[in-house]
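**Student:** Sequence:
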Amino acid sequence: MASGFFVLLDDIASLMDDVATMGKIAGKKTAGILGDDLAVNAEKASGFMSSRELPVLWSITKGSLLNKLIILPIAFLLSTFVPSVITIILTIGGLYLAYEGAEKVYEFFFPHSHETKLQKNKALSEEQLMALEKEKVKSAIVTDFILSVEIIIIALGPVAEEPLKIQIPVVTLIALLATVGVYGVVALIVRMDEFGTTLINLNEEENTISDKIGIFLVRALPKVIKSLSVIGTIALMLVAGGIFVHNLPFMHHLEESIHIPGILFEFLAGLIIGAVVLLIVMLAKKLFKPAKK
Numbered sequence: 451m452a453s454g455f456f457v458l459l460d461d462i463a464s465l466m467d468d469v470a471t472m473g474k475i476a477g478k479k480t481a482g483i484l485g486d487d488l489a490v491n492a493e494k495a496s497g498f499m500s501s502r503e504l505p506v507l508w509s510i511t512k513g514s515l516l517n518k519l520i521i522l523p524i525a526f527l528l529s530t531f532v533p534s535v536i537t538i539i540l541t542i543g544g545l546y547l548a549y550e551g552a553e554k555v556y557e558f559f560f561p562h563s564h565e566t567k568l569q570k571n572k573a574l575s576e577e578q579l580m581a582l583e584k585e586k587v588k589s590a591i592v593t594d595f596i597l598s599v600e601i602i603i604i605a606l607g608p609v610a611e612e613p614l615k616i617q618i619p620v621v622t623l624i625a626l627l628a629t630v631g632v633y634g635v636v637a638l639i640v641r642m643d644e645f646g647t648t649l650i651n652l653n654e655e656e657n658t659i660s661d662k663i664g665i666f667l668v669r670a671l672p673k674v675i676k677s678l679s680v681i682g683t684i685a686l687m688l689v690a691g692g693i694f695v696h697n698l699p700f701m702h703h704l705e706e707s708i709h710i711p712g713i714l715f716e717f718l719a720g721l722i723i724g725a726v727v728l729l730i731v732m733l734a735k736k737l738f739k740p741a742k743k
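Following my numbering, the residues of the sequence shown are numbered contiguously, the last one being 743.
Honestly, the hints are just simulated from the structure, not real lab data.
Just so you know, even glycine gets a beta-carbon here, dropped at the ideal spot from N, CA and C.
Pairwise CB distance ranges, derived in the manner of DEER restraints:
#, residue 1, residue 2, range
1, G634, T530, 29 to 37 Å
2, I713, K512, 28 to 36 Å
3, V731, T658, 51 to 59 Å
4, L582, N657, 36 to 44 Å
5, H703, V726, 13 to 21 Å
6, L504, P613, 38 to 46 Å
7, N657, E577, 39 to 47 Å
Computed list of lysine to aspartate or glutamate pairs in EDC-like fashion (alpha-carbon distance at most 20 Å, straight line):
#, residue 1, residue 2
8, K736, E557
9, K586, E576
10, K512, E583
11, K588, E503
12, K676, E553
13, K735, E557
14, K673, E644
15, K588, E576
16, K676, E644
17, K512, E585
18, K673, E503
19, K735, E553
20, K554, E585
21, K662, D643
22, K662, E644
23, K586, E557
24, K586, E553
25, K676, D643
Sequences and hints are given; from them, build the entire structure.
**Tutor:** Structure, rendered in structure tokens:
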């Protein structure tokens, strides 16, 4: 009995060691996409009233955890029985991300009329503000879903040949760390000004180190928020382009035939394909508008 117990402990220790080893490899593979995930989600979670920032971020985080809960079992099943479907799902997700990035670029140069009206009418009612908030939260969760699929599939790569007892803990751990880590950093970013104000009010003395740091954080936040929009859009293009290049053979061959840096090719691939998808969506909307009337 005692010997059986120690054998069990030895098996568990061996399994944990394998999980830790494979987890390091999977973590390195997903590091790049996590950086993009951070930039995109930080931009999505910004722009709310100060009092609503943390509640909104918590709503997005819960949505992200639910996304992982949905994606993980499906990913394990597909990876085991129909791995070819994963490429199709990734490509569809890439098209959505490319479209969203291209739409942001288009909106920058040609702002939508409803957005212009919202900017002019700053005194929105509480009901309108809540509706706008729900819309942004929903958009953030949808984008997180696509990025979560990409993270989980990339994490699955190094452990694809391993048994499920290794795959499940490794990929699940990466997925949970991605959510906690990304949204933890996002929370720090969006609360920079509050932390800065706390440092300024830390004591009654003037021109102290805490005052200087606090003033720097308060002044830096608007610039950080503005830069996040640009970084988030670039990240969308890079993620989408990376999906196309790594999962579509003709795109991979095209990258090899054109002698430009890989990161630039992925960005251009995301931008061009996103622009095509955006054009198709805009034409479809124009065609279906008269039918609705």
